[in-house]
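Asker: For the protein sequence lines, the chains are A and B, in the order given.
For the first sequence, position 158 matches number 158 in our numbering, and the numbering has no gaps at all.
For the second sequence, position 141 matches number 141 in our numbering, and the numbering has no gaps at all.
The hints are simulated quantities; they were obtained by calculation from the structure and are not laboratory data.
There's no promise every hint is true.
Ranges of calculated distance between the beta carbons of each label pair, as one might list FRET restraints [to be verified]:
1. A/Leu96 - B/Leu178: 41 to 49 Å
2. B/Glu182 - A/Gln93: 53 to 61 Å
3. A/Phe195 - B/Thr153: 42 to 50 Å
4. A/Gln58 - B/Asn148: 21 to 29 Å
5. B/Tyr115 - A/Phe192: 51 to 59 Å
6. B/Gly258 - A/Gln251: 51 to 59 Å
7. B/Glu182 - A/Arg60: 54 to 62 Å
8. A/Gln251 - B/Ala25: 32 to 40 Å
9. B/Ala25 - A/Arg60: 51 to 59 Å
10. A/Arg186 - B/Trp21: 50 to 58 Å
11. B/Thr153 - A/Val20: 36 to 44 Å
12. B/Leu269 - A/Leu207: 26 to 34 Å
Reference listing, derived: stretches of chain A covered by chain B, where coverage requires no fewer than 3 residues with Cβ under 8 Å from a Cβ of chain B [unchecked claim]:
13. 29-35
14. 318-324
It should be emphasised that the depicted structure is a prediction, and the values quoted were computed from it without experimental measurement.
Just so you know, even glycine gets a beta-carbon here, dropped at the ideal spot from N, CA and C.
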Amino acid sequence: MARAGSGSLPRYILQRILLVIPMIWVILTLVFVVLRVAPGDPVSAALGGKLNPQALEQRRQALGFNRPLIAQYWDYLSSVMHLDFGTTFSDNQPVLRVIRDNGGATLSLTLSAFVIALVVGIPLGLVAGRYRDSVSDVVIRLFGIISYAAPIFFVGFLLQVYVAEPLGLPTSGDASPITIFEVKPRTHILLFDVFLSGNGTAIEDVLKHLLLPAVTLGLLICGVFIRLVRVNMLMTMQADYVEAAEARGIQRGKVTWRHAFRNALVPVITVVGLQFALLLGGAVLTETTFNWPGLGQKLVFYINNRDYGAVQGIVTVFAIAVVLISVLVDIINALIDPRVRF
Amino acid sequence: MRGIFRTLARPFTETAGLARWMLVAGVILTGFFVVCAVFAPWVAPYGFAQSSAHGVQFPKLGHPSSDHWFGTDRLFFDVLSRVIWGARTALEVVILSIFVCVVLGVPLGIVSGFYGGWLDRILVLVMDALYAFPSFLLAIVFSFLLTNLLGGTVLAVSLSLSVIYIPQYFRVVRNTTLSAKEATYVEAARAIGASDFAIMRRYLFGNVIQSVPVLGTLNAADAILTLAGLGFLGLGIQSTDAAEWGHDLNRALADAGGGVWWTGLYPGLAIVLLVTGLTLVGEGLNETLNPTLRRRRLLPVIMPPRESATPQHEEPS
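Please put together the full structure from these sequences, using the hints given.
Answerer: Put into structure tokens, the structure is as follows:
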């Protein structure tokens, strides 16, 4: 990528997109290998004891588990290319439907957490980096470390015991049954649907349910942002152009704001995009803590049921989403910062 | 002997002010938990799966009292004992998984960086794919697989943690190898007829291994969080086999509605303190070893006329 003269933007984007294909292929292969080298047969693992041997054999045939592994591998790859992620074994649903029904909840949770993390994390990181070794730096850094060190389910536990009880906030689910009943599913993302419906009490209900899970997940990512922004700020504050600006007698506040802040934020964008992976992992724990009806909770449910089909399908979707987002971030980054392209 | 002490003490002697205090605080916190882990049978008042003593059953969800400082949980277990034994489980898992990472990741990185070619390309592709994958999901998938194979044991969980950290060791080691193998001393070694293996073992290994401690401490912090996360989801170690903080928190969550705070607070605090301690050590080491962040201790040079003119001691780097 560092070849001289390859600095054009379209070329970079094309290169980046072409790199996605082997990446996704490797990930799909890994998922397949990992889930198939397990001893025992997936169908009886998921359904053993629920069906008689004959019915089990039928299901095994229908799902193609009697065929050679290489044929199964080929089937898996080609069906993923047609955006078919298979069916779950335990309750026999298409994985795509599981994703449609539960993906919305995960999306609204992760997005809100992301916004909270940005709004809290970036200003704190900037302040800590600007006033290095001051009291505020120490406090903010400690906050950053502790919010990263505190496991999601512990923060969730504390919020449930010390915040939800006194304030009367709900700690389970993404809305009360009446709201789910009243709001028409248009986008299958409850957060958007409820705003589209314009129903005031329903909006309040959904936001109340969202508050604690989003704060819990947001705090985790926030710690990462604080560290990152702080380190970048430290580096830009030492840069020659900042010194030069100071030497020219520009006011300190102005130097910080116009010369240092902005440049400190450029590398942050890349890493912000990479936090999506962390966010997804965190979502699994947050959803389990708050009984949030998202994909993560569903994944844990299927894992406990030993449902290989569902696990394989959901993990595949997660993996593809992460790879695509990382490409998107790279492209956005290249648009913003010309240095990346070369 | 003195040389070893000097190397060990370098992070302390070369840092100043805040960085030094953070390092000291981190070492103390981590040391505390290591002591708890090593001496768990003597420190803990009861066993981790003990529900009665001297023929007397412990109370269920008993408040903290003089008999049970941290109370008891819904399985009649003593919370303090489980917190202390939990330190041992955490330490075992972390040491085992980082050992596996170093044993596999470092040689792979050296070989891949040294030889290059198709082997290098394939390894980089696989490692990048593993690295791009959300690490916690990877840990879930691997522990799903490994606990099926090996049962809910320390070994199964440690191996699934190793899988998510190996790519980091591989990357760092491979990149260091790439730059180190161009050095003149490697060329010299080759000129006097050293074999590939000798070059890797005697010249590259020592160079490359230096980046491992920082990575190791930061991974240790992350590993404890991941271990607890797996335990929380019920994918980790079974609670009768060993005390595990994450799994205890999962059971505590059910009590949260009833105003029972002690079953969750103490294991949670243990995780936060240990992870904070390890992170502080990692960051402290990073600030000493990473030249872009390093700020050496300023020697007290007294220059009265300049003192008032420069309120802030910005050291040129």
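Asker: Do A/Gln251 and B/Ala25 keep their Cβ atoms within the hinted range of 32 to 40 Å?
Answerer: holds, 37 Å
Asker: Mind checking, does the region 318-324 of chain A have 3 or more residues with a CB under 8 Å from chain B?
Answerer: Since 4 is at least three, the answer is holds.
Asker: Could you see if the CB distance from B/Glu182 to A/Gln93 stays within 53 to 61 Å?
Answerer: At roughly 56 Å between Cβ atoms, A/Gln93 and B/Glu182 fall inside 53 to 61 Å, so the hint holds.
Asker: A range of 26 to 34 Å was offered for this pair. Does it hold for the Cβ distance of B/Leu269 and A/Leu207?
Answerer: holds, 31 Å
Asker: For the hint 51 to 59 Å, verify it against the beta carbon of B/Gly258 and that of A/Gln251.
Answerer: holds, 58 Å
Asker: Taking the CB of A/Phe195 and the CB of B/Thr153, does the distance hold inside 42 to 50 Å?
Answerer: This hint holds: roughly 48 Å between Cβ atoms.
Asker: Does the Cβ-Cβ separation between B/Thr153 and A/Val20 fall within 36 to 44 Å?
Answerer: Because 38 Å falls inside the window, the suggested range holds.
Asker: With respect to the beta-carbon atoms only, verify the hint that B/Tyr115 and A/Phe192 lie 51 to 59 Å apart.
Answerer: For A/Phe192 against B/Tyr115, whose Cβ atoms are near 53 Å apart, the range 51 to 59 Å holds.
Asker: Is the coverage entry for the region 29-35 of chain A by chain B consistent with the three-residue Cβ rule at 8 Å?
Answerer: holds (count 4)
Asker: Regarding A/Gln58 and B/Asn148, is the given constraint of 21 to 29 Å on their beta-carbon distance met?
Answerer: With Cβ atoms ~24 Å apart, the hint holds.
Asker: Indicate whether the distance between the beta carbons of A/Arg186 and B/Trp21 respects the range 50 to 58 Å.
Answerer: This hint holds: roughly 55 Å between Cβ atoms.
Asker: Do the Cβ positions of B/Glu182 and A/Arg60 conform to the proposed distance bound of 54 to 62 Å?
Answerer: Because 56 Å falls inside the window, the suggested range holds.
Checked against the numbered hints above, the structure violates none of them.
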